[in-house]
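**Q** Residues per chain are reported as follows:
There are 2 protein chains.
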Amino acid sequence: MYMFSSYMKLLPSSCILSTNMDSKEFRIRGQEMVNYIVDYLENIRERMPMPNVVPGFLKELIPDEAPLEGESWQEIQKDIERVIMPGVTHWNSPHFHAYFPTANSYPAILGDMLSDAISCIGFTWASGPSCTELEVSMMDWLAKILQLPKHFLFSEQGKGGGIIQGTASEATLVALLSARTNVIKTVKADNPDLTTGQILDKLIAYTSEESHSSVERAGLIGLVQMRTLPTDDRGSLRIDILEETIAQDQQKGLIPFFLCATIGTTSTCSFDNLSEIGPICNHHDIWLHVDAAYAGSACICPEFRYLLDGIEHAMSFNFNPHKWLQVTFDCSAMWIKDRDLVSGAFEMNPVYLKHENQGHAMPDYRHWQIPLGRRFRSLKLWFVLRSYGVSGLQKQIRKDVQLAHQFEALVRDDPKFEIVREVTLGLVCFRLKASNEANEMLLKKINDDHRIHLVPSKIKDKFFLRFAVCATSTQPSDVGFAWSVIQELTHSLIQ
Amino acid sequence: MYMFSSYMKLLPSSCILSTNMDSKEFRIRGQEMVNYIVDYLENIRERMPMPNVVPGFLKELIPDEAPLEGESWQEIQKDIERVIMPGVTHWNSPHFHAYFPTANSYPAILGDMLSDAISCIGFTWASGPSCTELEVSMMDWLAKILQLPKHFLFSEQGKGGGIIQGTASEATLVALLSARTNVIKTVKADNPDLTTGQILDKLIAYTSEESHSSVERAGLIGLVQMRTLPTDDRGSLRIDILEETIAQDQQKGLIPFFLCATIGTTSTCSFDNLSEIGPICNHHDIWLHVDAAYAGSACICPEFRYLLDGIEHAMSFNFNPHKWLQVTFDCSAMWIKDRDLVSGAFEMNPVYLKHENQGHAMPDYRHWQIPLGRRFRSLKLWFVLRSYGVSGLQKQIRKDVQLAHQFEALVRDDPKFEIVREVTLGLVCFRLKASNEANEMLLKKINDDHRIHLVPSKIKDKFFLRFAVCATSTQPSDVGFAWSVIQELTHSLIQ
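Residue numbers (the numbering used here), protein chains in the order written: chain A, 46 to 540; chain B, 46 to 540.
Excised from the complex, chain A in its bound form:
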């Protein structure tokens, strides 16, 4: 224990000189920040997409302690470029091709600004009626754009509905926990002598070997075994392997209860076959959750909607408008077929959260999610859907897919390289026709060079590079630039 005596003086409050920003100053600083945002985003291609700093760089740039007295905004503002920007990974740079995109747009930023101003914590309907109801409506709007089955819509007066989660990881976890609660209840009803632990030891969840790490992590949190099933040579989970595994597991006395399928895997953007595995899940009372975090956005275009064929078999479905639908992070859209099964897993009703209208026409979203509090995130979704219109959003998706095919063609033209998986959307998986080590060296050269940024992945022990079209501002010339950098560095590697 130690004492920072400077903070601990007992001053009468009247003696304290505060330099808090007042509303008059905020009008000015807010405008300056708006201009800073525009200047940053308009000129982002001049910054290296991945910064050249080493761990620990930042603490050398700032004091070890917070100031006792307030500082002027001028002092603070100038540290944005001095302290923060040197260590920023610029996800919106047109030379950033790592992971998957994170969306960003001016209407979404306006939505978050308004959300911050209102700062209602919408855990119940009463704590923010507009916060709850706009979300209900926006999730119905999105469901219609995606042509989701009617049973996912709140307005259909059934048991379905949508919610904005923070991330796809949380959506997967909520689905798994709901399925777990449900299966434990069912098994207990038939076998009242079994303890929760005894039932838990029998539960088995499934996902494909190519699904995101957050699925396996949901299993860890839910404390259930997660079996990763092999995929076919296009990375798709198919009926044969699923049926065989279920039969084997049932023979062992295990209870299959949950399957997380992926539409657009992180490694290669592959697609599990929902039309095949959906009916099997339904037949065995296995909760089918569909994670379309990245690819879901593309399904607003009619030419890609087929990717969701079979979605009618799912108990829950999720995709991230914050990836590819111009909504700034965080906005992960999740629909559930039976909201009673979800809220049944989480519902707590202390007196201080009760209100007259609960359980009536509108949901209390706190029962559908892991956190209690929640921001007014539907504002940014509303602003984006209205400002772009569906056609404007489709246009962005199509542009990015075209750019991916442009990159694919460049790779295919070069006999030193190969394409790893069919290119369907905005991701191209490619590699040198050489050893894993050679590809690892190439990746390292690319990222050490700092002109573009990529991340790798590995499938069935084959290491490859991922080229994702990420920024809204990425143009054909940026794709050409990226390929020229890769060719130059490949050349230096081979020499």
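Hints were generated in silico from the structure; no laboratory data involved. Since the structure is predicted, the reported quantities are computational estimates derived from the model, not experimental observations. Do not take every clue at face value.
If chains are identical, the list can't say which one is meant, so a pair holds when it fits in one copy or spans any two.
What the hints assert, rightly or not - Capping the alpha-carbon separation at 30 Å, the derived lysine-lysine pairs in DSS-like fashion look like this:
1. 233 x 297
2. 204 x 189
3. 503 x 399
4. 230 x 444
5. 461 x 204
Based on these hints, arrange chain B on the given structure of chain A.
**A** Just chain B, lined up with the frame of chain A:
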């Protein structure tokens, strides 16, 4: 299934007219939004704190579908007052006295604006070095302001460190899951034949009967029994009941492994006795998590720091700067004593998230939290700590506590009323000296009246009203106003 044919036309992208907002327009709209925010917050006392709408009001005000073509910002902007504001619960109104405060300030809003602009998803160090490192530094700054034990600081080169979670619920859950993983590992090491389920059936977690519902909910998610222990007549969990319960549970063959203590409960702002229960937890290898969501902020004032006496016994500690430290939601500060025990519960390392610097000098925060992605929330904390300075933040806390005592004095002066619990910080629990029903009627009258907003709670079957000082702008005259409304409505009730 249905088809919205209007969205589904296959138009070549060149035919689509988009009205997306460009940077030139955003400079204007951003300034307008800044001015709207100021006008909203400066004039918020003219709005009813709790809106007078019924569930379902909003869907009547907007179309059933998203537009195909983009709309102009003028169209969208005018709907903020028409659609959203009628249904907003104004948490920042000086007449809002429900729940606990949600902080809001201009420097914090600027921080969120910048975070949105950068929109890096900082799940690993590499995906946003500044995002990770500013958070490490800000959590150390905060730890020093609160005089936390050194073992919670990252800069001390031990195993400790801080992280910004979204909510206190998530912090409690992360603590419980870490404790669960740890105890299962330990028990399995000694009893390799026990299954996870068999161990789980023996685990028992504790909390007090006055702790927040999210603690019990963490038990549901973690699938462990949660025993709620009785408190003394000041609402405090004490040594005798804890020792007795542990002994009884151990005799039953149960394994106590986790205790969530509260500093500032939601119902009455009572305080568990950390100095008493901490050593008992340590002795029995029980993970002590301390939830100070509301009261933690007050501990930046030396006169309230005693509330955290005994915190050195905790394995993890959490409070919400987004409640009472001028940081706009969400910003929940959590410290852990041994980060290996936390990341050990969650760590997954797929190739696409690996980077050269992992496991080195700086954390990959994805291993410390439930979601994968994360916003750049430390920016708003940095701006607030620097703009207000510690003394400016202390001043706000002291003002609110003074206002609570002002309200307390008014209640005590009226023989029809009684104070339910000692007033320590910004919450006053009070009731009519009458039946629960009479108090319920009074609450209903107050909230139906719409001039002020309160929520109730219930302890040991006694229903009471909670008066929380919430808004930064609340002044002595607002407290007087609230009391006059309560007196007027009491009078009409008694007549």
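**Q** Does each hint fit the structure? Answer for all of them.
**A** Going down the list of hints, with the structure as the test:
1. Taking the closest pair of Cα atoms, residue 233 and residue 297 come within 30 Å of each other both inside a single copy (19 Å) and across two copies (23 Å).
2. Taking the shortest Cα distances, residue 204 and residue 189 sit within 30 Å of each other inside one copy (17 Å), while across copies they are farther apart (49 Å).
3. In this assembly of identical chains, the alpha carbons of residue 503 and residue 399 lie at most 30 Å apart only when taken from different copies (11 Å versus 50 Å within one copy).
4. Taking the shortest alpha-carbon separations for residue 230 and residue 444, neither the intra-copy value of 48 Å nor the inter-copy value of 50 Å comes in at or below 30 Å.
5. For the identical chains of this complex, residue 461 and residue 204 are neighbours neither inside a copy (54 Å) nor across copies (47 Å), given an alpha-carbon limit of 30 Å.
Violated hints, listed in ascending order, are 4, 5; each of the other numbered hints is respected by the structure.
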